[in-house]
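Participant: Read off the chains here:
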Amino acid sequence: MSRASMRLPDLCDEALAGVASRPVRTALTMLGTVIGIATLVITLGVAATAANQIAGRFDAVTATEVTVLVPGQPEPLVSWGGLADLQRLNGVHAAASIATLDTAGGAHVRANDVHDPTTVTDRALPVVATTPGLPEVVNADLGQGRYFDEGHVTRHDRVAVLGGAAAKLLGITRVDDAPAVFVDDQAFTVIGVLGDAGSGQEPGLDSSVLLPYTTASDRLRIGTPSKVLIRTDLGAAPLIARQAPVALSPNGHASLSVVAPPDPASLRGGVEHDVNGLFVVLGLVSLIVGAIGIANVTLVTVMERIGEIGLRRALGAGRRHIAAQFLVESGTVGLIGGIVGTSTGIVAVVVISAVNGWTPVLDLSLAAGAPVAGAVVGLVAGLYPSLRAARMRPVEALRAGT
Amino acid sequence: MTAPVIRLDGVGRVFPADPPVHALTDVQLSVERGDYVSVVGVSGSGKSTLLNTLGLLDRPDSGGYRLDGVETTGLSDRQLTALRGSRIGFVFQSFHLLAYRSAADNVAMAELYRRTDRRRRGERARAALTRVGLDHRADFRPDKLSGGERQRVAIARALLGEPALLLCDEPTGNLDRANTHAVLDLFDDLARQNVTLVVITHDEEVSRRAHRRVRIEDGRLQEETP
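Heads up: the protein sequence lines correspond to chains A and B, in order.
Going by the numbering used here, the residue at position 86 of the first sequence is 86; the numbering climbs one at a time, nothing skipped.
Going by the numbering used here, the residue at position 156 of the second sequence is 1156; the numbering climbs one at a time, nothing skipped.
Keep in mind that the hints are not guaranteed to be accurate.
As the list claims (entries may be wrong) - Derived contacts from chain A toward chain B, CB cut-off under 8 Å, selection only:
#1 Arg7
#2 Ser21
#3 Leu315
#4 Gly316
#5 Ala317
#6 His321
#7 Ala323
#8 Leu398
Simulated from the structure, these hints should not be mistaken for laboratory data.
Built from N, CA and C at the ideal position, the CB exists for glycine as well.
Sequences are here, hints too, so could you generate the full structure?
Facilitator: Below is the structure:
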């Protein structure tokens, strides 16, 4: 004897017909799932979009700046020559050491040697000794002239480069006639003026007088580097931040402190985590409410269709066929609710992004997974009503139903 | 000689109550292929229990029941369900048509739980509707049909798949006189086509149209000779 059997397409046809026979009720039943899934998609979508936005603000410039601070006492930890070891590291794009002349309020700087009592010719400006690569490290343009190079350094040339603001204060507008500045009565030839100092790494440079470190050491007794500025390759900042102190001062690296940009990945993760927590809970709550709604309505439907259940049993449907039909029906309601909710959520994310001028970021697995979640909600919600329908005895079902 | 379609042998059914209700007592019944039998009795006489037993919807407490040569006592629920689906066509007093499906769809439902090929199901459903004279109503929903037409759709559904037995429970109970006659005429046609019919009714007029009459009283069956 052949066992009663039912084909899958038949099962789907019957379930769909059941769902479609009461469109308004089906739509209302779906509402809970739609809202739940939409909330989840909006939450996760907006969080990903916003996090991407925040991470985007940390542009490449700040993300590649590493600064090593060298304590002055008790003994020099980093020498001027130590920079060569640092530059050998993979990921270092450019590096420069600097030392500031240790004078409160800055040294006396004048543009000429004339003592004119009617005008203020003395300016108190910071004086900074640097290695030649500085402009590249701080992304500064040379407004005029040039920066000093290794040659100037080795020859201990008495040259100076002025920050843009410093040049203005001193009244120096051009360098082609080789103007001189006097720092604590020592004369230096100005060979360049910095234009736009692009970086926030060393904001004081704009108003400083920059000297080759050899010359500064000779003339002004400037000491060893107090700071090493490093420009890394994109993405290498965390690595360089760990390696730089060792390269600069193998024995005293523990005393050096490093200022490195926050890791963009962990930053984004943190933001996403903050935003998500609360709303994910909200979305889950509305999903549960949606599931209860589906369970409730499916149960009512089962009770209304007792006669149909009896008929199907009389036609040869086994308990599992009845259970399967109601399960597929509630699963379908959940699935359609999930699809509608996902679409609503995606549209909402796009609209929110458009209003804020953001680039919408949507996880594809989220778009694919959310409808599945809806179907699972429907299936779980349909479990009890389906079993109830399957347990019904055909005699009683036929008698009760119309 | 082929096995009888129905062979009840000393069937008894007792419902536990205080005192116990003997719904069926030592029932003997044999129905041959092509028989047109009516079971008549007042309500409470055990008609429904007999119908449920014949329809494999209920199990007897004692005795044996062979349907189409298959001994049914001792079969599992699943086997009973399969046997019911393949050998018995039900016709109910309240039709049991699905309101949101067309007449043809309702008829086709009879094949849902059987191993038949899906593609020509529509054709077979229409053929069954033609057999009850309703081919022109195939795409109508039940609420657009008269009571008699609805019952004929239900009969077409019961006929689909050529069951060994057409089991009718008060088939005219919800119908007016004209529709009752239409359905009874259809039964006559089917009997001529050698369909085995068992009609359970309390209506003497309906039962008189059958070739054999069996009266049930207090759970006991008694053959009436015309």
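Participant: A closest beta-carbon separation below 8 Å is what the hint needs, so does A/Gly316 meet it against chain B?
Facilitator: Given a least distance of 1 Å, the restraint on A/Gly316 holds.
Participant: Was the hint right that A/Ala323 lines chain B, CB cutoff 8 Å?
Facilitator: Because about 13 Å separates A/Ala323 from the closest Cβ in chain B, which is outside the 8 Å limit, the hint is violated.
Participant: Just to be careful: measuring from the Cβ of A/Ala317 to every Cβ in chain B, is the smallest value less than 8 Å?
Facilitator: Status holds, d = 5 Å.
Participant: Would you check whether A/Leu315 satisfies its interface hint, that is, whether its CB is within less than 8 Å of any CB in chain B?
Facilitator: holds (6 Å)
Participant: Would the hint on A/Leu398 be counted as holding, given a Cβ-Cβ threshold of 8 Å to chain B?
Facilitator: Holds, about 7 Å.
Participant: May I ask you to test the interface hint for A/Arg7 with respect to chain B, counting a Cβ-Cβ separation under 8 Å as satisfied?
Facilitator: holds (7 Å)
Participant: Does the closest beta carbon of chain B sit nearer than 8 Å to the beta carbon of A/Ser21?
Facilitator: holds (4 Å)
Participant: Answer holds if the nearest beta-carbon of chain B is closer than 8 Å to that of A/His321; otherwise answer violated.
Facilitator: Given a least distance of 6 Å, the restraint on A/His321 holds.
Figure legend: structure checked against the earlier numbered hints; the only hint not met is number 7.
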